[in-house]
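Undergrad: With the hints as constraints, model all of the structure from the sequences given.
Line order of the protein sequences matches chains A and B. The first sequence begins at 0 in numbering that gives the first Met the number 0 and counts up one residue at a time. The second sequence begins at 0 in numbering that gives the first Met the number 0 and counts up one residue at a time.
Calculated from the structure, these hints are not laboratory results. Glycine included, every Cβ here is placed at the ideal spot set by N, Cα and C. There could be a bad hint or two in this list.
[Said to hold, decoys possible] Now the stretches of chain A that chain B is said to cover, found in silico as 3 or more residues with beta-carbon under 8 Å:
#	stretch
1	98-107
2	263-275
3	283-294
2 protein chains.
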Amino acid sequence: MKAAVYRGAGNVQVEEVPDPAIVEPTDAVVRVVRSCICGSDLWAYRGVIQRAVPARLGHEFLGVVEFVGPDVRTVAAGDLVVAPFQWSDNTCPACRDGIQTSCVNGGTFGAPGTDGGQGEAVRVPWADGTLVAVPGGIAGATDGLLRSLLATTDVAATGLHGARLAEVGPGSTVVVIGDGAVGLCAVLGARSILGAERIILCSRNPHRRELGRRFGATEVISERGDAAVAAVRDLTGGLGSRHVVEAVGTPEAWEMALGMAREGGTIGAVGVPHTTPQLALFPLLVHHLRVHMGVAPVRHYLPDLIDRVMAGTYDAGAVFDLELPLDQVAEGYRAMSERRAIKVMLT
Amino acid sequence: MKAAVYRGAGNVQVEEVPDPAIVEPTDAVVRVVRSCICGSDLWAYRGVIQRAVPARLGHEFLGVVEFVGPDVRTVAAGDLVVAPFQWSDNTCPACRDGIQTSCVNGGTFGAPGTDGGQGEAVRVPWADGTLVAVPGGIAGATDGLLRSLLATTDVAATGLHGARLAEVGPGSTVVVIGDGAVGLCAVLGARSILGAERIILCSRNPHRRELGRRFGATEVISERGDAAVAAVRDLTGGLGSRHVVEAVGTPEAWEMALGMAREGGTIGAVGVPHTTPQLALFPLLVHHLRVHMGVAPVRHYLPDLIDRVMAGTYDAGAVFDLELPLDQVAEGYRAMSERRAIKVMLT
Numbered sequence: 000m001k002a003a004v005y006r007g008a009g010n011v012q013v014e015e016v017p018d019p020a021i022v023e024p025t026d027a028v029v030r031v032v033r034s035c036i037c038g039s040d041l042w043a044y045r046g047v048i049q050r051a052v053p054a055r056l057g058h059e060f061l062g063v064v065e066f067v068g069p070d071v072r073t074v075a076a077g078d079l080v081v082a083p084f085q086w087s088d089n090t091c092p093a094c095r096d097g098i099q100t101s102c103v104n105g106g107t108f109g110a111p112g113t114d115g116g117q118g119e120a121v122r123v124p125w126a127d128g129t130l131v132a133v134p135g136g137i138a139g140a141t142d143g144l145l146r147s148l149l150a151t152t153d154v155a156a157t158g159l160h161g162a163r164l165a166e167v168g169p170g171s172t173v174v175v176i177g178d179g180a181v182g183l184c185a186v187l188g189a190r191s192i193l194g195a196e197r198i199i200l201c202s203r204n205p206h207r208r209e210l211g212r213r214f215g216a217t218e219v220i221s222e223r224g225d226a227a228v229a230a231v232r233d234l235t236g237g238l239g240s241r242h243v244v245e246a247v248g249t250p251e252a253w254e255m256a257l258g259m260a261r262e263g264g265t266i267g268a269v270g271v272p273h274t275t276p277q278l279a280l281f282p283l284l285v286h287h288l289r290v291h292m293g294v295a296p297v298r299h300y301l302p303d304l305i306d307r308v309m310a311g312t313y314d315a316g317a318v319f320d321l322e323l324p325l326d327q328v329a330e331g332y333r334a335m336s337e338r339r340a341i342k343v344m345l346t
Numbered sequence: 000m001k002a003a004v005y006r007g008a009g010n011v012q013v014e015e016v017p018d019p020a021i022v023e024p025t026d027a028v029v030r031v032v033r034s035c036i037c038g039s040d041l042w043a044y045r046g047v048i049q050r051a052v053p054a055r056l057g058h059e060f061l062g063v064v065e066f067v068g069p070d071v072r073t074v075a076a077g078d079l080v081v082a083p084f085q086w087s088d089n090t091c092p093a094c095r096d097g098i099q100t101s102c103v104n105g106g107t108f109g110a111p112g113t114d115g116g117q118g119e120a121v122r123v124p125w126a127d128g129t130l131v132a133v134p135g136g137i138a139g140a141t142d143g144l145l146r147s148l149l150a151t152t153d154v155a156a157t158g159l160h161g162a163r164l165a166e167v168g169p170g171s172t173v174v175v176i177g178d179g180a181v182g183l184c185a186v187l188g189a190r191s192i193l194g195a196e197r198i199i200l201c202s203r204n205p206h207r208r209e210l211g212r213r214f215g216a217t218e219v220i221s222e223r224g225d226a227a228v229a230a231v232r233d234l235t236g237g238l239g240s241r242h243v244v245e246a247v248g249t250p251e252a253w254e255m256a257l258g259m260a261r262e263g264g265t266i267g268a269v270g271v272p273h274t275t276p277q278l279a280l281f282p283l284l285v286h287h288l289r290v291h292m293g294v295a296p297v298r299h300y301l302p303d304l305i306d307r308v309m310a311g312t313y314d315a316g317a318v319f320d321l322e323l324p325l326d327q328v329a330e331g332y333r334a335m336s337e338r339r340a341i342k343v344m345l346t
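TA: As structure tokens, this is what we get:
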């Protein structure tokens, strides 16, 4: 089969790789219908972090089950299924706590020895604990539905998780730092699931600002750094916001988050801190801040998000603004890296 | 009057200083009945942090009101009052949120231009928002009562705050790192106020271990570092603890806290991070940790803690294991610095 392969910074190719097969009795093999490129894929692409070469790429996909191992019970050949970006057994103590991304048997698609989502098919370990079947299957799935389902594999759930980590609830005021797909989905989750009242999005890109407003941002500020902190303070009577979602992971974003948070406020951080390995503790102590981080347990959110997508009330698929066939995956990476696209869908 | 004065690392003297007087109409002047030495006073004493020279010392005291300014309503001359280690107006947005240590008009006793608690009298700004009167006054106060009331000015409330920050509740398992007065009071608060079921205290000092058990520790481990992490993992079925109180502030203590916390667990940190200025973010992300810090808002806890002390159900005064007259304050610093005493009370 064909799959995207990482060959070093700036170098992604489509290559012929072995077809996946059932290895463990709990496996499934899924024929990919849609996959996409993640902001986190860009870290290695841009050379910010090292990655083994060659490596399989992609951890967001949905598809149709081709084969299942003899121990698989909840999905069957022919099912349209959504995969979270990590697999999980969904039975261990962490999974039972709703943090399937800490599963003792878990792992990430694209890790060494596994298939990536950016390919024609994927072996899925722990299929019962990982995959969620979509009612109605592929036959009834429109393009719009597939887009929004695809978003649930990572960004829709990660954005929602950021807002939850920030303890957003009914009537909350929240600032979202980051106008990538995750930040935009934090806006959507804060508004349509958690009931936030005021959502202040930091963005200066016209297209992203517009999508942020469509997803529920009540104010969009274009300032950066200290000026952004001042703008948020102005909008909140000088006090800052009780809830801040950090969806970037850079030192600049963390500084903004610390400056924008009200005394006693909560920062929900889902940006991967590759360039912010450490956080100053004194501001947390002095300002009584609560810092909540975590790799989004997509599997925990999937059943509810799929229901919302099926009901037509969760249009997270709007984050995909460029659609390419798998053969053109390299152009997809370029477009996202150059911020010409928010998020690229591969067909 | 006489007061303790910091003259440089290792050098504390009792000197003649000006008598305090009412400056603002919201002030009170309090004649000190009991004060004490704080673990945080030791940072400068040991030369770990710089402090202006000369500086007034001490931020924990209780006493009898001598004078009040014309705007003071809730305390009067002759009242026995407890002072939190910071003053606050108790009306600003932070105070209304219960974080009086972020009060816009707040400050710490002993800061430049203010009196310290280790002296014969103290000018207390914002007396109404700061002081809490003790029912029955000085006439009915036994030595034991004064000890436990004195503990509420900082350590009893700070320990309780650490346990609250760690989200300890009924039935919780919690690890307490730190066997100083704050750590021991975290044990007491977790047990007798928050209802924790298992409290694992890290201590190898026989006297502190015994007091920890008396305060409610169900297990006491003497290991340190990685061995302590392994011991806690052993005691918790390999999973770690959902709740960890960090009451030291050193890199070693933070490493233990991160290692002992269960996936998704909460670290409540009240140790002042002078030697741990930064915290690694990746472990928080990967292990879904919640980090809650804050300078304990003693004023928030005082009314309840005073009630408990008066009812005889909160014997935090047991942390004082050395009693000295103010004239011998230098010996008190030596004893605490050399860990010969948990906490020194000055009379």
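Undergrad: Any hints this thing doesn't respect? Which numbers, in order?
TA: The structure conflicts with no hint, since it agrees with every one listed earlier.
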